[in-house]
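Asker: Make a model of the complete structure from these sequences and hints.
Going line by line, the protein sequences match chains A and B.
Residue numbers for the first sequence follow the numbering used here, so the first one is 1 and each next one is one higher.
Residue numbers for the second sequence follow the numbering used here, so the first one is 1001 and each next one is one higher.
Do not rely on the hints blindly, as some may be mistaken.
[What the hints assert, rightly or not] Taking CB as the label site, the calculated pair distances span:
1. A:68 to B:1155: 48 to 54 Å
2. B:1098 to A:82: 34 to 40 Å
3. A:137 to B:1017: 38 to 44 Å
4. A:70 to B:1063: 19 to 25 Å
5. B:1098 to A:63: 41 to 47 Å
6. B:1049 to A:91: 24 to 30 Å
7. B:1147 to A:12: 40 to 46 Å
8. A:73 to B:1130: 22 to 28 Å
9. A:82 to B:1150: 32 to 38 Å
10. B:1156 to A:119: 20 to 26 Å
11. A:12 to B:1053: 30 to 36 Å
[Claimed, not checked] Example chain B residues on the side facing chain A (calculated, C-beta under 7 Å, incomplete):
12. 1016
13. 1027
14. 1035
15. 1039
16. 1040
17. 1088
18. 1127
Don't read these hints as lab results, they were simulated from the structure.
Since the structure is predicted, the reported quantities are computational estimates derived from the model, not experimental observations.
All residues carry an ideal CB built from backbone N, CA and C; glycine is no exception.
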Amino acid sequence: MSTASMTLPKSLATLAAGALFGFGLSLSTMIRPEVVLSFLRFQDFGLMLVMGGAVLVVLLTYQLAPRLLERPLLDEHFHTHPSIWNRDTLVGAALFGVGWGLCGVCPGPAIAGLGAGNWSLLWALAGIALGALVQGIRMK
Amino acid sequence: MNLSLSLFPLGWQHYLLGGLIIGSGTALLFVLTGRIGGMSTVFSSTWSYLVQRPFFQQGRFVDSRGWRLVYALGLILGALVWWLGFAGGVREATAVPAWQLLVGGFFVGYGSRLGNGCTSGHGICGLGSLQWPSLLAVLTFMATAFLTANLAARWLA
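Answerer: Have a look at this one:
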């Protein structure tokens, strides 16, 4: 499975896509917890533009690519990831917001920030990893 | 007072451009590999290398853990390019205290995995594929984040 799904071109494509994502997070200063917190405190609405810009591009791509292409350029089929609404989604999203509001760091910036030398974000990264571990253990 | 300046005291162009580039990354991943590039799953899928419990050994984690780590590595690489090439190599730092990053991070990790998505999974990919459960999740975490951030500013400052 893993050898078939991780050919070199696909790995490079995934790396390049991640690099664009990380560059965008840095350029938009989302890797600065202070900027995220100033949005959450209604002092700077920039995060709306970041989110809006990203959603716009992804919306167009998710709609158009499967219509224009028979399959992805390097793979067999386009994936979908249906989201579901249940108690876990509600409680999980609410807890995620509490944590995000406390530290101003979400998973993407916690990872990307390291590339810009923000070592303090290792605390957030450790917290996120620990939280994901505890969540998985509690699910049995 | 100028409206744009009061909404965006630090300017707005870098926010919009950065957002478009973030979206382009997620879009590129989809066009080339067909994958949906949310970020928080990597924190569960990577534990599958170390933890043998059935939850972490699910196919959705084990089968995707390789590319998710590569995607995360790309994130670091992209930030490094920005830092060295566009930001003059001035090291990023934050004044948010370590305990707040750690405790906040714990809730971010626990909550995003329980709720199956974060700002990128529900926010960018979920809204980008017009899924109403993701919209509800985004509204939920925005509400609790606004509340927490404002209470924290009052009590912890």
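Asker: Determine for every hint whether it applies to the structure shown.
Answerer: Structure-based check of all given hints:
Checked against the hint of 48 to 54 Å, the C-beta distance between residue 68 (chain A) and residue 1155 (chain B) comes to roughly 52 Å, which is consistent with it. The given range of 34 to 40 Å is respected by residue 1098 (chain B) and residue 82 (chain A), whose C-beta atoms sit roughly 38 Å from each other. Between residue 137 (chain A) and residue 1017 (chain B) the beta carbons are some 41 Å apart, a value that agrees with the proposed interval 38 to 44 Å. The hinted range of 19 to 25 Å is satisfied by residue 70 (chain A) and residue 1063 (chain B), whose Cβ atoms lie roughly 23 Å apart.
Our hint of 41 to 47 Å for residue 1098 (chain B) and residue 63 (chain A) holds, since their Cβ atoms are close to 43 Å apart. Between residue 1049 (chain B) and residue 91 (chain A) the Cβ separation comes to about 27 Å, which falls inside the hinted range of 24 to 30 Å. A hinted range of 40 to 46 Å holds for the C-beta pair residue 1147 (chain B) and residue 12 (chain A), which are about 42 Å apart. At roughly 24 Å, the beta-carbon separation of residue 73 (chain A) and residue 1130 (chain B) lies within the given 22 to 28 Å, and the hint holds.
Remark: the range hint 32 to 38 Å for residue 82 (chain A) to residue 1150 (chain B) is upheld by a beta-carbon distance near 33 Å. The hinted window of 20 to 26 Å between residue 1156 (chain B) and residue 119 (chain A) holds, with their beta carbons roughly 22 Å apart. Distance hint check for residue 12 (chain A) and residue 1053 (chain B): the Cβ-Cβ separation is about 33 Å, which falls inside the suggested range of 30 to 36 Å. Interface hint at residue 1016 (chain B): satisfied, since its Cβ lies 5 Å from the closest Cβ of chain A, which is below the 7 Å cut-off.
The restraint placing residue 1027 (chain B) at the interface with chain A holds, with a minimum CB-CB distance near 4 Å, inside the 7 Å limit. Annotation: residue 1035 (chain B) was flagged as interfacial toward chain A, and the flag holds, the nearest CB pair being 6 Å apart, inside 7 Å. The criterion of a C-beta within 7 Å of any C-beta in chain A is met by residue 1039 (chain B), whose closest approach is roughly 4 Å, and the hint holds. Hint status for residue 1040 (chain B): holds, given a least beta-carbon distance of 4 Å to chain A, under 7 Å.
Hint status for residue 1088 (chain B): violated, given a least beta-carbon distance of 11 Å to chain A, over 7 Å. A distance limit of 7 Å between C-beta atoms decides the matter here; for residue 1127 (chain B) the minimum to chain A is near 5 Å, and the interface restraint holds.
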